[in-house]
Every structure is written in C-alpha cells, then in structure tokens.
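Student: Protein chains in written order, with the numbering used here: chain A, 987 to 1233; chain B, 987 to 1233; chain C, 987 to 1233; chain D, 987 to 1233; chain E, 987 to 1233; chain F, 987 to 1233; chain G, 987 to 1233; chain H, 987 to 1233.
Calculated from the structure, these hints are not laboratory results.
These figures come from a predicted structure and were not determined experimentally.
Any given hint could be a false lead.
One side only, chain H facing chain E, incomplete, derived with CB under 10 Å [to be verified]:
1. Gly1041
2. Glu1045
3. Asn1049
4. Pro1182
Even for Gly, the Cβ is constructed at its ideal location relative to N, Cα and C.
There are 8 protein chains.
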Amino acid sequence: MDVKTLLEEVANGDLDTQTAYEKLKKLPFENMEYACLDHHRKIRTGFPEVVFCQGKVPEQTANIFERLYDMNGLVLGTRASKEHFDSVLKVLPDAKYCEISKCITVGSPEKTSGKIAICTGGTTDIPVAQEAAITAQMCGSNVTKMYDVGVAGLHRLMSRLDELQDANAIIACAGMEGALASVVAGLVRVPVIAVPTSIGYGANFGGVSALLAMLNSCSAGISVVNIDNGFGAGYIAAQINSLGGQI
Amino acid sequence: MDVKTLLEEVANGDLDTQTAYEKLKKLPFENMEYACLDHHRKIRTGFPEVVFCQGKVPEQTANIFERLYDMNGLVLGTRASKEHFDSVLKVLPDAKYCEISKCITVGSPEKTSGKIAICTGGTTDIPVAQEAAITAQMCGSNVTKMYDVGVAGLHRLMSRLDELQDANAIIACAGMEGALASVVAGLVRVPVIAVPTSIGYGANFGGVSALLAMLNSCSAGISVVNIDNGFGAGYIAAQINSLGGQI
Amino acid sequence: MDVKTLLEEVANGDLDTQTAYEKLKKLPFENMEYACLDHHRKIRTGFPEVVFCQGKVPEQTANIFERLYDMNGLVLGTRASKEHFDSVLKVLPDAKYCEISKCITVGSPEKTSGKIAICTGGTTDIPVAQEAAITAQMCGSNVTKMYDVGVAGLHRLMSRLDELQDANAIIACAGMEGALASVVAGLVRVPVIAVPTSIGYGANFGGVSALLAMLNSCSAGISVVNIDNGFGAGYIAAQINSLGGQI
Amino acid sequence: MDVKTLLEEVANGDLDTQTAYEKLKKLPFENMEYACLDHHRKIRTGFPEVVFCQGKVPEQTANIFERLYDMNGLVLGTRASKEHFDSVLKVLPDAKYCEISKCITVGSPEKTSGKIAICTGGTTDIPVAQEAAITAQMCGSNVTKMYDVGVAGLHRLMSRLDELQDANAIIACAGMEGALASVVAGLVRVPVIAVPTSIGYGANFGGVSALLAMLNSCSAGISVVNIDNGFGAGYIAAQINSLGGQI
Amino acid sequence: MDVKTLLEEVANGDLDTQTAYEKLKKLPFENMEYACLDHHRKIRTGFPEVVFCQGKVPEQTANIFERLYDMNGLVLGTRASKEHFDSVLKVLPDAKYCEISKCITVGSPEKTSGKIAICTGGTTDIPVAQEAAITAQMCGSNVTKMYDVGVAGLHRLMSRLDELQDANAIIACAGMEGALASVVAGLVRVPVIAVPTSIGYGANFGGVSALLAMLNSCSAGISVVNIDNGFGAGYIAAQINSLGGQI
Amino acid sequence: MDVKTLLEEVANGDLDTQTAYEKLKKLPFENMEYACLDHHRKIRTGFPEVVFCQGKVPEQTANIFERLYDMNGLVLGTRASKEHFDSVLKVLPDAKYCEISKCITVGSPEKTSGKIAICTGGTTDIPVAQEAAITAQMCGSNVTKMYDVGVAGLHRLMSRLDELQDANAIIACAGMEGALASVVAGLVRVPVIAVPTSIGYGANFGGVSALLAMLNSCSAGISVVNIDNGFGAGYIAAQINSLGGQI
Amino acid sequence: MDVKTLLEEVANGDLDTQTAYEKLKKLPFENMEYACLDHHRKIRTGFPEVVFCQGKVPEQTANIFERLYDMNGLVLGTRASKEHFDSVLKVLPDAKYCEISKCITVGSPEKTSGKIAICTGGTTDIPVAQEAAITAQMCGSNVTKMYDVGVAGLHRLMSRLDELQDANAIIACAGMEGALASVVAGLVRVPVIAVPTSIGYGANFGGVSALLAMLNSCSAGISVVNIDNGFGAGYIAAQINSLGGQI
Amino acid sequence: MDVKTLLEEVANGDLDTQTAYEKLKKLPFENMEYACLDHHRKIRTGFPEVVFCQGKVPEQTANIFERLYDMNGLVLGTRASKEHFDSVLKVLPDAKYCEISKCITVGSPEKTSGKIAICTGGTTDIPVAQEAAITAQMCGSNVTKMYDVGVAGLHRLMSRLDELQDANAIIACAGMEGALASVVAGLVRVPVIAVPTSIGYGANFGGVSALLAMLNSCSAGISVVNIDNGFGAGYIAAQINSLGGQI
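Next up, chain A with everything else stripped away, as it sits in the complex (with noise of 0.2 Å):
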C-alpha cells in the first residue's frame, strides 16, 4: 500500500476521508511490514531467506524453496533431512546438499570482501561449524576454516595464528570445557562468536559446561550463542563481515 498515493486520493477528492481513514486505521503495521522489507531488501544483498528444516513435512518445504527462490534467488535450509533435500531437488535441481551439516542451499550471493575464521576444538564440532560456515558463506562472506585446533594441544592454534588475525570476525565451536573461544580471543582484534556444543558426556550436561564456560570467559571479545546454533553465529558473523572491509 502506497501512502502518498492514498493521501493524493484525498488531496484529489479521488477518496473521501472516511474510507481513507478505515484504510489508514491497519496502516502502522503495513507501514511497519514496508519498513521491514525494506530493511529486508537491504539484507538480502547477500543475505539468504532461511527455512528450519526440522519437522517440516518434505513436500511443503520444496513448496516453501520454491517461493523462496523465486522471490530471491537465495535460499537456505538448516538442519534439512535427505527426505527433504530429495524433495527440494524435484522443484529446484541446482539445490545441494552438505549431508554433514545437514544445510540445503540454492542460489549463490554476491560475495563482500572481508574473511571469517571459524575453528572447532576436536572434529566432532565439525557439523556445527559447517552450518555456520555455509549460512555465512549464503550471507555473502568468505570463510577460512581451522578445525580440530584444540587447547589440548596449542601448537595447532597458534600455527595459524595469522590466518585467524586477517578474519574481521571469528567462530569458535567447542564442546567439553569449551576453552577455545578464550584462547582465540585472547590472540586477536575482532569480535569471536563462541558456539558451545553438545559434545562430550556426563556433566557436560548437553553442552552446558561448554555453555557456561564461554559466557565465563576471562578475554574480552567474546559474545555467544546457543548451543550447537552454528546457523546464529554464521548469520552474525556474516552481519559484521558486512560492515567490514578487508583488514
């Protein structure tokens, strides 16, 4: 709905007030969803329309690709199933599929030109990076991955320790004592996104000691998200590699 067109309608006598007044009474929240979009228009440069696959039934969400994709030509699913990857590949055949991660995507972004770091403490982290690396890889950014880079072994960090410096933003994704966001924020300049996983047992409670830990942290830097959201981090790391340019 056009305001100004609907105020030119009642400057023209085209609309008598009343009418017009009925029109405007549902007008806040069009005018707010008009907000939104375009504040949406503005973050789909690069910024997917993302869909959670999980316990959606496979043939609505090739449904919901499908519109998706028309009106944007990006789309996203996290934690997809190969039921749903199966049925999304009827309606839109140049979907993929990363059966680790459990992502669907179709379409590529434009790419800004800044880098995000993400690095797991142990290789069972590695689904959750990997959601997080291709929803900020969608979002437009350029990921640099350093996985199985644990504190219990610290030379694998530090080795690369210029590549993780040249990233405008950072991923840590650990389980256990989650002690990888500290360290990793305690060697660089930019924001670290910590992502506690749900790896370990026993009183790692599902991830809370990973959780606990991160939110704990003695560095500076360090703000996090829930567990095992690999698709939070990716998004917010992907909104501050946004504002940045190449360091």
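On the provided structure of chain A, position chains B, C, D, E, F, G and H as indicated by the hints.
Tutor: Okay, now just chains B, C, D, E, F, G and H, sitting in the frame of chain A:
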C-alpha cells in the same frame, strides 16, 4: 627484544651463537608477546586499557591507573567504588567517575564514525547499560541511548525505530524475561549484543531467566554476554562498530 | 445419599438413631462428594469430562469414553493416539479425532457468548495451541486462532490487534524465549494464559527457557501453566470466558 | 494526533500531501499509543497505576505518585519502604501504608460486584497474600481472606468451603510444598491463581519447590505467577473478577 | 458437636429436620476435626505441640507457648532465638533453652521403652542432630548420641556398633557427601532417617550434595528429610520408636 | 572362624602366637561379617534377599535366584523383565511374576500382625506402588492398597480414612505435585514414607517436582525415598511395621 | 628445525638475517611443538596413543590405528564398537577387544614397578572400572581389581585392606551416592581418583549425585574426573604410579 | 592395645580365654585404628595434622593446636580468622599466620626432593592457590608459584613452561571459564589437580562454570577438587610428589 638486531649481531660476530641460542630459547613467547603487542597497538587506537577494580586495594588501583595512563593515555576502570576513584584522583586529577555505572575514565579516545545504540527494558537496567555505554565510548564509538523501552509498552521502542536502524551495532540490556533482545533483533539488520541483567526476583534466578531467553531467541542476529556484563557488550559493540562506517 | 430424607426418616421413626449415626459417619465425604457433584453439575454446563489418554489401554479408554458420554453427553480425550481413537470409534461412532493436537471429542457443548484468542509464536507451537483450542471449545467457548505471530516479526501480531483486544481471555503459546506472552499482555486488558512449549534446542532445556521468561514477564496480567499444557490453558481460559459476556 | 482531522485538512487542501506523509510516517506508534491509551482508559476504570517502589529514591517516588494521582486519582505502590511512604505522605496526605505487604495506596476505586478469595497455607505467607489483596482491592474487587488454611490440617480449609465456592477467582499463596493450590482447585469451579512463596528452607530453593508443585498440579484450573508475586496474582484475579458478575 | 444427640433430638421431635440439616451441612469438617482431635489425643500421649518460632514476634510466641502448655502440659519450640526464650520464660518459668539447637522446651513427656540412636558425620552437624534429639526426647523417646563418627575415620563409628544395633530407629545427620547414612544402614536392621545438613562449601550447594547422596543410597532402609530438618527426623524416629518395644 | 577356639588353641599351645596373630589380623572384618550375618539372620525372619534384575543377564539372574532360594527360601527380584522371569521359572517353577511392578517372587514369608497402607495419587503411579506392596509383603507385612486417591478429589481419600488410620506405616506414591503425602500425613499419627514418581511432563523434570514437594512438606511425619523407588519404601515400611503390633 | 644450526649459518654468513628472521617467525610454535614432541617422547615410554572411537567411521578408525601403531607400537582405543574392532583387526591382526569396557588395544607397554588398585561399588560400575584398568595397563601400570566392594557391606572392602594400602594410587568407581571414595580415602595414604558413574535412577541425575558426593568428600586425598570417565582416571593413576616405586 | 602381647599372655596362661575373647571383641576397630595409626605414622613423616578452623571457637582451636603440636610437632589450620591465630599464638608462640590464605602453621616438615607447580588464572585466585601452597609445603613439598598466568594472555604461561615441566604435580586454580587447567595439561606429562574458584559473577554460579569446564577438559591428566578447595589440591599434590623423585 628485537630478533633482527640479534640476528645482525650474530652475523656481525657481536654475539656468539650459544648466547644467541639462549636468548632465542625464550623467543617463542616473547615473539608471541610481540605479536600481541603489535596487535594491541592496533587495538589501542581507540581501545583503552581496562581495569576491573572490584576487590582491588584503592592505592594499588591508583598505581595501575597511573602506569597505564603513562603508556596509553587512556584508561577505563569498571566496578570501581568511590574509594577507588578518590585514590585515582590523587594521581590523575583529570579522572572522571560515573556513579551509576561505577566506571572511572581517564583520557578521551579518537572517535570512529559509526554509532552504537544501547537500549534497556527498564530503568533498573540502566547501570549495566551505562557501563556498556562508557566502555564503547572509551573504545571510540558514538553511543545513542534508549533507556526504558521494554516490550510491555512497545510504542516506546517503536517511536525510536529510526535511531535503532541507524546503528552499526545494538546492545539490548534487559532483566526479567529479556524479551527486548528478540523484539529489537526483529527490527534491524545489524548484530544485537544481548546483556541479561540480574533485575527481577523469584524465578529469575539472578538473571538466568533473561539469559536463557536471549540464548533461545527466535530472532536471528543475537549473541549474548554474561549476566550484567555491560563492559563485555560495550567492548564487542565497539569492535564491530570500528569495522563499519556510517550506514 | 439424601441427608434430608435421612433426617425425616429419623423424625418419623423409620430409622433408629444408631443406624442413622453409622450412615452419617461417612457423611462428610459423601456430603463433600455431593458438594462436588453439585459443583460439577454447574461446571458441566459446557465443561466436558476429560480423559488423559496417554498410557491408557485403548479398550479401557473406549469404555471410559462410553460411560462418560452416557453421563454427560460430552467427552474430551487428550494426548490420544490413533489406536485410542479407533477403539473409541467402535463404541461412539460420532467421535472425532484431531491429528495435530491428538484430541478425541464426542458431543458439542452449548456455546457461551464471549471469545478466547489463542496465538502462537511459530508453526511448531500449533499442536499445543490446538489442544488448548479444542479444550476451550469443548468447554463452550468460541476461539479465535492467530498462529505464527511471534515477536521476530511484530507486524504479524500487530495486524491482528483488534481481534486480540476483542477476547475475554488470551492464550499465548511459545517456545524458545517465550517473549510472545509479554508483548501480547502489553497490548490488551484481559488475562493472558501463557503456555511455554518445549520447542527449541540447546539451552531451552525442554521448555524451561520459555517457562522462566513467562514467569518473569515485565507485563502485568500473565499467569503460566506447565510446559506444553495446552489442555490446562484452554480449561482456564474457558473458566474465565464463562464468567464474562461479550466486551 | 487526530488522523481524521489530518485527512480532512488534506481533503480541504489545508495540508499538502508531503507534509501529511511526514506526519503519517510516525503514525503507527502514535496510533498504537492511542490504542493503548484508549485501552488504558478502559482499564483505568478501577485499575490504578502501579509503582514498583523497591530501588527507587523516596523523593522521586513521591513525585511519581503525585503525577499519577493527578492523572488517575488512584495510585498503588508495591514493595515500598517506610521511607518511601514518608516521602509520599508529604505530597499526598491521604496516602495509606500497609506495613505487612509494604504497599502504599492513594484513592479508592469503584467496586465491582464479585468477590475474590485469597487463601494462604501458613501465617508466613500472609505478606504475599496481603499484597495480592490490596492490589485486587485497588483494582475494584472485593476480597475474602482465608489465611493459614494449609493442607496439614484440612478441616481449616473445609470449614470455609462456602466462601471459597462463592468467589469469581481464587488466589492460593503457599510456600514449602505448595499443595494448597491443588486441593483448592479440586473443590471449586473458578480459576485459581497460584502464588508460590519463598517460605521454607533447605530444598525449597527459595520457592522453587512450591513453584514446581503448582505448575505440575493434578487439578485442572490452576495457573501460576512468579515466586512471591502477590501483585501479579491480585491484578489477574481482578481482571477475571471484572469480567464476571456475582455467581 | 455430638451427632448422636442431634439425631436423638430429631427422633424425639426436639429438633426439626430443616434445622438439623443446616447443622449437619457443616458436619463433615467438624466431624473430621473431631477425628483429628481424637487422633491428636492419641498422639499427644508423649508428643508435644510444636512451635516453629523463627519469624514469630517473641511476645506472641510466649502467648502461644502459654496456651499450648495449658492444653497439653508439653511444648516444644524450634529455631527459637534467645529473645523468644526470654519472652517465654516470663510466662513459663520452667521453660528450658538449648543454645546449640535453638530449642525451647516446657514439660517432660512420659518415656517409651525403646531407644533412638542419633549420629553425625562431624561436629558442625551437631546443632541439627541436637534439634532431632530434643524433638525425639520431647516425643517420649530415649536417645543415644554418637556425634563426629564420619566415614573418613570408620573406626569411630565401628567402635559404637553395639549401641547402633540396639536402637529402634537411627537418625544420621551429615553434610558434605552424606555417606554416613549409607554406611550406617549397611550395619543395622532398623530404619535410618537421613538428615542432609548444609555443612560444606562450593559444590555442596547448601546441602544438595548430601541430599542427593542420601536419596541415592546403595543401602536399603534409608529415607530422607529436608536439609537441616532435625525436627522432622526426630519426630519420625519417635513415631517409629513408639511402635516398637525394646529389641 | 571361631575366635574362642583360636584362643583356646593358643592357651593349649596348639597354635603359636605368630600364626594366631596372622589369623587375627584379618579378624576384624570376618568378625564384622559375623556380626552382619547375625544381624542378617534376624532380618531374614521375614525379609527376603533382594535382586535388582535390571541389567543382569537372565541366566545369571536365574542362578542367583536359585542360590538365594536355597539359602533363604525366600527371594524377591525387582525391575525384572519377562525374560528374567522365564529364566528363573526354569530353575524355580514356583516363582511368580507381577507384570505391573516387574517383580519376581519365590516363597512366602511369615506374616507380622500389623498393616501397611499404600496409596497413590493416580492410576499411573500404580506400578511403583505395586513394587512397594510386593516388597512389603515379601518382608512379612500385610498391605492395604488405596490407589487413585489423589488430592484433586479429596473425597476419594477421605472415604478411606479409617483404613489409613489403621496402619502402622503409610506409603504415599505420587507424581506431578506430590501433594498426597502432605494431605495424608496431616490425617494420621504414623510415619508416612513418600515416594515421588516420575509421572508427569514438562516442569516435573522426571519426578523432581514431586520430590521437592515431599521434602518440603508442611506436615510432620514424612520422610522421602528416591524417585520411583517403590522397593525402598516397601522395605522401610516393613521395617517399621515389624517393630509395631496391631494398633 | 635446529635453531643452533641456523644461528651458526647466520654467524658463518651462510644465511642472511632477513631469511633467518622469516624462519624464526614461525619458530615459537615449531619450537613448542618440538617441546611437546620431546615431552611426548618421554610419555610414550609406556603411554600409548589413545583414540576415542565413538562417532568415528570404522574404516577411518582402522587407518588411525595403523598409523599410530607404526609410530608408537602401542595403541589404545576407547568407546569402540564391535564394528570398530572388526575394521582394526583387518589391518592389525594382533588387536584385542574387551567387550565389557569397549576398549581396543594393540601392543604391550613396558611395565613400571608399582601398582594401582581399582575398586567399584557395585557390579554395574565394572565397565567404567575396566576402561580405567585397561588404560592404566596400557600406560605400563600393574592393576589390582576389587570390584563390588560398596559401602552397603563394608566387610567386602575391609577384607581387602592390605591390597588397597599396597597401591601407589587408587581408583574408586561408584554411582548412586558415591560413598566408596570417601571410605577408601579414609583408609589409605595415597591419592584416590574418584570416578562417578551414571549408575542409578531418579534423583541420581545421570551421575550427578555421585559426582557431587565425591567433590564434597569429608576425606582428604580425593580428586574427581568426569562421570563415567574411566579412561581419565586410568591415565592419571598411571601418571602417578609412574612417579612412584614399589612402596 | 597390643594383640601379640595378648596372645602371648594367653599362651602363658596369664590371661584366660574368656577375658581375651571379650578384649578381642572390640579388636576389629581398635585393630583398624591401629592400622590407621600405623598408616598415619607413615603419613606423618611430612604430613601435618590439619584443623579446619572456620566455625570453631578460638580458645578450643588453640587447645586442639596445642595437643596436635605435642603429638606431631607439625600443625596446619585452614580458614582461620585473626582471632583464631591470636588464640593459637598464646599457646604456641612460634605459630605463623598467612593473611592471604587464612592459614595458621606451626612447625616445619622435612622436605621431599620434588617440586609442585601452582598456577592461577588471575590475581583474585591467589588466596585459594596460597592455601594449596601452604598445605603442600607443610606436607613437605617444594612449591613453585606462577600466579596470574591466565589464558587470555597465553605468553604469560608460556614464558614459564620450563618451570611447569619441571614439577611432579601441578595445581591449576582458576575461576570464570577455568580454561587454565586444559591448557596446562596439554603442555605437561604429570597430573594436574584443577581447583575451580568462585571468582566471577553472573552465570559463573559461584564457581560452577569453572568446575564443569575442568571436569570436561579435552586434555587428559586432569582431576578436580571442590570449588575453592585449595587445601585438598595441596594435599593431593603432596601425596603425588612424595611418591616421585626429582625428574
């Protein structure tokens, strides 16, 4: 220590290899320290040294402030008492104290161009927000404050939507159910740093209700710092803002 | 048992006092039962008997349904499987089954005049909301459904503000950070029954994040039922609605 | 702001469309605010403005009371100290203070016809119950108090069953194992608002034992507010009572 | 009220059935009260009335003591301060105060024949044990005390095995890891009432470590009361002891 | 080993002191074992050996049953599967299996004179209650069962008050809010063993809500066993009942 | 890389300082790696490389085993399935599998002189104990096993006191209330490594009851590893044992 | 009591077998006590008696110190106040007090040859570390202190790697995210005793964040003591160190 000079001295015969070897044995960490210093040097363009005053003896605190001011010309002290400030004032007469946030500041940073928006759910969240604000300002960021704009009366937040959308990063401080972060993140396209505060009673468990709410937000683009950690949020927001230019 | 008749029999000499005493010894609870029956009778004008089917043997469940239908003409079964329904259908061919909410219903209540609004944060909260809706309808209330109106996109909720404000009671079902209840309660003047759902992952701890958020709401007028307890919310909302007329 | 007038001015040519557009840009929230005001106006018939005094400076509290009293003629302050009351008394000599519940009240609402029953498990729950009672009374409801009727001696509660069953809404305040709510809800047909109190020691964890018990009640018709939240319960009970007439 | 008399009056025509009906309407609970009184009468043979003094005004406490002493000749007050005792002493000059357990006692019960053994892990558990001891003694039980016999030095407990095996019931008070209950229950054939105490620090969480240990004992024959609930343990042990004779 | 014989052999010179010393070095624990055996002998008059079958291989379980039956003539197995039972049946054809409680029993104890009452809040608590009942019966106690007498309909419990008050010990099994224990303990003068069950959903946290409620009961005379621990409750109730005679 | 050689090359003019500087820039971590290697070399005298098999693809696991065996001649795999073992067996025909502890071992370490004692509370703790035993043995330690010596029957533990006191380190594995660690530590003078196991049900919360008990032990000399972490305990005990000689 | 003498008296006819039997009846525990004494004797070569002063009356504490000093010549008191020390000083003028760790020491142990390294993450962890240091020194160990070497600035720890690797056991004290333990254990080959401290705020929950992190470390070789339990860590480290010689 200058590694090149050492190597030149060895090359020139001014230093025997055994002595050089002994010196280099400690090198890794001095080297790393050097990297850190280099890295710190960059950070210091606008980022102050920070002193967590709580639990420190006032006189010692004053000494630390004096030394850091000499090195950096810019010092921030958080969780400082009036006694801390009185001691600091004796050695640094230009020091300032914010009674609300319990911050001591000395010196002024160069400002970067972008802005950070800091909003709170209620008036009781203001001390935490103010710690974030002063931290961000000492790190060179401009700050727009929107206090008491909680979701129980949405129009308070909505009436300042333009200012929100004008920031490079947003800090949302809220206690109780911490819903402010979710609502804000749904309205903007930049990262939201959520700060759960310990405001509330009963089943808020000293801020846990807000913390969990913020970690589980249905809005993308939110990362979380520790309960009442205004400093952490201000620091990260400034890191992000220093990456971005004016929108 | 009829106390008056007993007393008259004693007065008439048809019953000796010792026998009457023995009968009265059990009276308190029969009397209380009577009070309950009386009370139940009132409730039953529109309130069905409710069977929690989960864990019950299908055949037994069918028997219970049959007996309750004979007594009340109105039965509601919650958390019922298809097997439960198949068994009930054999004895009560008019029974209906809602696959989404897993509810079996037999009979139709008289409707009261007012309305209940039921809203959800997302689509995954719908089964819980649907259990609430069917419960409220079986208790005689009209229901307006507003599903998927979560706070990440406020305009969805705002565009239905009139309908919200037109209800005698509102049920807000949300998982994750559960902010929907707070936002809704800030916009209306009737009681909001908040239902935390177990939707989410990681630090939502099976619905605890939403539960705590709802208990700690900054908005007045919110009370909370157990996680995923759609039945409880529908029942209370109907109790409230039956007190009020159309606004 | 009056949208109709604006439209008429546009229709009359007294306002150009660009200026009108600018004015309308802010409309959503002013409009929403208007809606809220309208909504608030209705609420205010019997519902006071409420000030959470705890943590507020006494003088500021007095100012707030004065302003609200001018607007509404009815003010309620909760969790107020004697110091708060002394300050309020200077500007509003008719203010009253309840030492038990720590509530300040100014003015008297019009009463609605129905009644709310408030019961407590023990004598130590009375301050919370009293906050609920004063809140409900300031919202225009009549209140029947049944204190110290806990389940360890059921006859205390049973002897007042008539009064219980005569209410439009019931508030049950109890600490320790919080069983009062379940027993009460089993005896009545109106909504029970359960208030867990922090009364107890050891494994009551500051009210958590009662909170969990109330959320998990085997009786239908119970919803729960935060630990010690007498205000919340009184407010909701009054919302419910204002919907119903005398039974 | 005497139901038989009432019935006889109806039989005799001294009472009309309507009036009798009205009187009987309240009967259940008066009847129940009667039942309770009867039951209490039995209990009172050796079981005192108990006053939880904490939080009560000293003068009121004294009044309660006086009234209970008149009725029962035996009163126990727990968690009483010196101020409580001073007030009680004015009205009941024979009252006694135990500074360690904070108990006030008036009167002496008749003793039953059997014995209760009360043991503690350490010396800091003694106040809780002493509350249990005085409660049990006021309920007519003989008590054998074995304090500071914790499992870190098993010989302390073992050297008193005869006394342990000579009791009708055993109370085991322990903080920290609460292992005493398991070890004791493995050595005897009578019920062990376990009292977790809040003694300890860090991850004892105010007694939770001992509480959980006692609930999860590998020994059969242990039941548990609330943290620091010496009164409860003493009361139950006396209930058990009053059932048994000397072994 | 017979200490007296050893001493006599030393006295007679049949044993040298060094050899005797070596034998005595192990004595404490053999002695203790003897004490235990003696003690066990007493217990065994009516108390069966108990096998926790869960996790045991069926064949091994059968062997254990056979050996224990030979020694004691009385064996109880808890948490046994049908497979366990089938294996036991091959070696002990008189073994019986309770499908509800998953208990295997062989042999019949001598009965003591008193009675234990076992009540449950709902029908879903019955398996736990049945485990308690069979345990108590195998320990020689008579059991009165009152199932489905929860507090949501008090008259169900009240109508069986006489039977409740006729027991030497009462077991109260309840999930959800666990209020049954408090209500029962308020009506009787014997110990109540409370068994929290894991029945419920959402914020019952697998039985924690009932556990906390029972630990925090406002009624005296309640002690608590682990969640779903019917065996433990039956064992303790039988210990208590074996101390008492008929009331 | 050999730093001394480099320095000599610089001294000799065989290497220019710029090239040497570039080489030294990476030195810290290569150096650290070297330190680690050196350190690892020492450790490897008796300490195997360890593979956490759970979640690894069997074929990849076999490859890892093969490579590690080539390097070290000694490999330990924990939490391995039969499938893992079958794959390993194809490349390393001497591999052995322990079904109880799910460990794969290849090769035999040189044995150190001292001994480790490993005790468990019950038979269900044995898999965890066995993982500890195999780990310790693969690290070169001799192991004495005392299984099923829980505190419910102290004589079982006491009869093996000599063996306990003969060890350089003791591992105590127990679930439920975890009291074994406290009792053992009270009897010996060497470090006790406590392993809480997840054995139990209800309020054991997957091993938390034992974990808290062990952390809060009243006996000195106990340190704790994660729930069910037999590997960790065996590794530490071997570290300790390798320091000590035969007592 | 001397068993051999007793046996000789029996052999000699100086003691009749009945009297000897009576004496032996108590033997197990006296014997065990003897075993303990023997064991303690060994321990006492370097291990002091330890008094937990907190909560003890100063005069009594002084008496205990005096008696222990007479027996052992070596006493350690932890968590002692200045008042405790003043009382001890009156009877033992050579007593010393450490204000930081609140430890009282009397006497000096013989030193063993090896060393313990104690490191802390920050300066606020020093009191806990100091308690560990004094305990270890009183147990005869040499201690190397590395305070304030937290992972936010790794070079601080790395620059002291030689000293770390030179110890027989390492104590790592850290609050907040407790990552220090993981990093240290990754760099050494000896056992690391991790001490979580209660340093931090918000979601550190009084040390729980560090406790969980340390229990879940990705590095092998870490065991954990209770929060703030410096004594426990020092004691264990000394036990380990006394087993080892100089590396």
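Student: Against each hint, give a clear statement of whether it holds in the structure.
Tutor: Here is what the structure says about each hint:
Interface restraint check: H/Gly1041 against chain E, minimum CB-CB distance 6 Å, threshold 10 Å, status holds. A cut of 10 Å between beta carbons decides the hint on H/Glu1045: the least distance to chain E is about 15 Å, and the hint is violated. Taking 10 Å as the C-beta cut-off, the interface hint given for H/Asn1049 is violated, the closest approach to chain E being about 14 Å. This hint holds: H/Pro1182 has a C-beta 8 Å from the nearest C-beta of chain E, less than the 10 Å allowed.
Of the numbered hints stated above, those contradicted by the structure are hints 2, 3, listed in ascending order.
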